[in-house]
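*Asks:* Now for the letters of each chain:
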Amino acid sequence: MIELDGNAIGGELYDVFGMDMTGVMGVCTYCGAHAPVAEAVVYMRGPGTVARCRACHELHMVLVTIRDVTCVDISGLAALEMQ
Amino acid sequence: MPPISHGFHGRRTDAGERDRVPPGQYVTHDFPVLSAGPTPHTPLESWTFQIRGEIDQPKSWTWEELTALPSDRVTVDIHCVTKWTKLDTVWRGVSLDTLLDGVDTSAEYVLAFSDGGYTTNLPLADIRDGKAWVAYEFGEEPLEPEHGGPARLLVPHLYFWKSAKWVRGIELRANDEPGFWEMYGYNNYGDPWKEQRYAGD
Ligand SMILES: [Zn+2]
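The listed protein sequences correspond, in order, to chains A and B. According to the numbering used here, the first sequence is numbered sequentially starting from 44. According to the numbering used here, the second sequence is numbered sequentially starting from 1333.
The set of hints was computed from the structure by calculation and includes no laboratory data. Cβ coordinates follow ideal geometry from the N, Cα and C atoms, glycine included. Don't take every hint at face value.
[What the hints assert, rightly or not] Calculated Cβ distances over 10 angstroms to all of chain A for the following chain B residues:
1. 1353
2. 1365
3. 1366
4. 1375
5. 1388
6. 1402
7. 1420
8. 1429
9. 1470
10. 1474
11. 1478
12. 1505
13. 1520
[To be verified] Stretch by stretch, here's where chain B covers chain A in the computed footprint (C-beta under 8 angstroms, at least three residues):
14. 62-73
15. 80-88
16. 93-101
[Said to hold, decoys possible] Taking beta-carbon pairs under 10 angstroms as the criterion, some of the chain B residues facing chain A (in silico):
17. 1412
18. 1413
19. 1510
20. 1512
21. 1518
With these hints in hand, go ahead and build the complete structure from the sequences.
*Replies:* What follows is the structure, encoded as structure tokens:
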């Protein structure tokens, strides 16, 4: 299985953000789509992990773990709307 | 969780193979699919391979033109930064020497670009002198889309993320521009024998 959903990175995001992010609404920088992080399309079998917009396939998040430190680039999300 | 693909189990490596396996790698007999995005399906009729950038006249080949060029059958070991090594993989492709023949450029670097927006950077010297191919067959069969078909870059002496899947061309550059994974902290050069996985290795 190459394509997963955002639940696959739930644990990793919890470690970075200190909370469960899967239910948080993300707003796509590129197409404006609103969707919970859990609905992203996730590719985990590269050097790092990539989460893409289910609507337009652009990059939402890139997660890279280097020497035990995980960095998350969320520049593909214009907003993360916490309840 | 670390960016390592678990669940691939190499068989026992014999002594002759051991010195072909770079530090920190294990041998797999599978061919794990690695991807950072959906598999593009560019029709061959509209596919081209381009050389652009620091070149007077950009060059371009159609699928038909590229596959009509003299090709090499190469047997090489490939090394992925996610720690698997696959020995004796058989490819067919056009040497970059053939494509760069007659190209007069002051460039010292290239940025390979692919369908789907992926890029990776390499020194120009690393794709010359029989070190790199635009590969379109794997194991005597057309290269499958999941593995980068119709064509991917093949640069076996560097970690496999440098062998860009779905490659559509190279940009000749005077300066070194980091590609996709290089921008996120992977090594700019990626020599598996020096274990250059991350920036600073
Ligand atoms: Zn989008």
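*Asks:* Please write out, lowest number first, the hints stated earlier that are contradicted by the structure.
*Replies:* Violated hints: 2, 3, 11, 14, 19; rest satisfied.
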